[in-house]
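**Q** Based on the hints, put chain B in the right spot on chain A.
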Amino acid sequence: MKWLLLTLVILPAVVGDLLQSREMKLAANPAASLPGALRVLRLIAARRYLLLSMLCMAVSFFAFLALVQTEPISFAVPASAGTFVLETLLARVWLKERASPRKILGTLVVFGGLLLVAR
Amino acid sequence: MTTGLAETRTVSDRRNELRVFQWIVLVTLLKPFSNLFLAWGMRGLPLPAATHPVALLQALIDPLVAIGVCMQIAWLLMRMSLLSQADLSFILPVTAAGYVISTFLGRVVLHEQVSLTRWIGAILISAGAALVASSRRMTSQPAGAGQ
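If you read the sequences in order, they're chains A and B. Residue numbers for the first sequence follow our numbering, beginning at 1 and rising by one. Residue numbers for the second sequence follow our numbering, beginning at 120 and rising by one.
Don't take every hint at face value.
Only some residues are given here: those of chain B computed to face chain A with a beta carbon under 7 Å [claimed, not checked]:
id : residue
1  : N154
2  : L166
3  : A169
4  : V173
Computed footprint of chain B on chain A; a stretch qualifies when at least three of its residues, placed anywhere within it, have a C-beta under 8 Å from a C-beta of chain B [what the hints assert, rightly or not]:
id : stretch
5  : 9 to 19
6  : 43 to 49
7  : 76 to 86
I should point out that these hints are in silico values taken from the structure, not numbers from a laboratory. Just so it is clear, CB atoms sit at the ideal spot from N, CA and C, and this is done for glycine as well.
For reference, chain A alone in the conformation it holds in the complex:
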């Protein structure tokens, strides 16, 4: 069950982050004249994938709650850093973002840490 919950923490968070990043780039600041909070609300109304990204974040948060109920936080919190690995990989594949050598190295170090935490 802990791996299922961890997957539910990581995957929706990654999808949410990627959707948010993509939508914010596509939006290209359409309502720059509005104050911060209003601008974000208008963006959410105009871009339904932003709403979906928030739904993903909510799923991830509730899965995290369920995970920390049964698993130690010394496992749950570090293991949730799996988002770094997946996000770097998917940002490259899906968003066509370039990853610097430092970012790739950092991702590999996180991955190594995850393997140790998961043992």
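**A** Showing chain B alone in chain A's frame:
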């Protein structure tokens, strides 16, 4: 006169640096402590949330979980405020220490058993997250941008 102005500026700069430092410490600690309260509150619930989704809604009215949620909201707002005072490339690597602090809080407050392997793993994750976070920000157009 010029010396006086320079001294005033230096004192003001120092005060500003000190304030940013205090915010960074607060932001770095707030997230692990919010996770601690969430875990603490969740463990006090009678039903397992994984098999009883209603327990998740009950969790939101649990005082400890509510404190954790409020701390997460405060963390988000404070982090945004901090971003207006210091560079992201400086803040993110420092706050990545949160993974190790969470492990420490789990060990000390919740009396969790943390093996040496897990400690090393948490330290590696913090170091890796700091590396990822401190890499140079590049903005590249996504496929289909501007459609």
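**Q** Take the shortest C-beta to C-beta distance between A169(B) and chain A; is it under 7 Å?
**A** For A169(B), the interface hint holds, since the closest Cβ of chain A sits about 4 Å away, which is under 7 Å.
**Q** Can you confirm whether chain B covers the stretch 76 to 86 of chain A, using C-beta to C-beta distances below 8 Å and requiring at least three such residues?
**A** That given contact holds, which follows from 5 residues of the stretch 76 to 86 of chain A lying within Cβ reach (below 8 Å) of chain B.
**Q** Hint validation: V173(B) versus chain A, beta carbon distance must be below 7 Å. Holds or violated?
**A** 12 Å, violated
**Q** Holds or violated: the stretch 9 to 19 of chain A covered by chain B, criterion of 3 or more residues with Cβ-Cβ distance under 8 Å?
**A** violated (count 0)
**Q** Is the interface hint satisfied for N154(B)? The criterion is a beta-carbon contact with chain A at less than 7 Å.
**A** At about 5 Å, which falls below the 7 Å cut-off, the nearest Cβ of chain A leaves the hint on N154(B) intact, so it holds.
**Q** Are 3 or more residues of the stretch 43 to 49 of chain A near chain B, judged by a Cβ distance of less than 8 Å?
**A** The restraint on the stretch 43 to 49 of chain A is violated, since only 0 of its residues have a Cβ under 8 Å from chain B and three are required.
**Q** Go through the hint on L166(B) and say holds or violated, using the shortest Cβ distance to chain A against 7 Å.
**A** 9 Å, violated
Violated hints for the displayed structure, listed by number in ascending order: 2, 4, 5 and 6.
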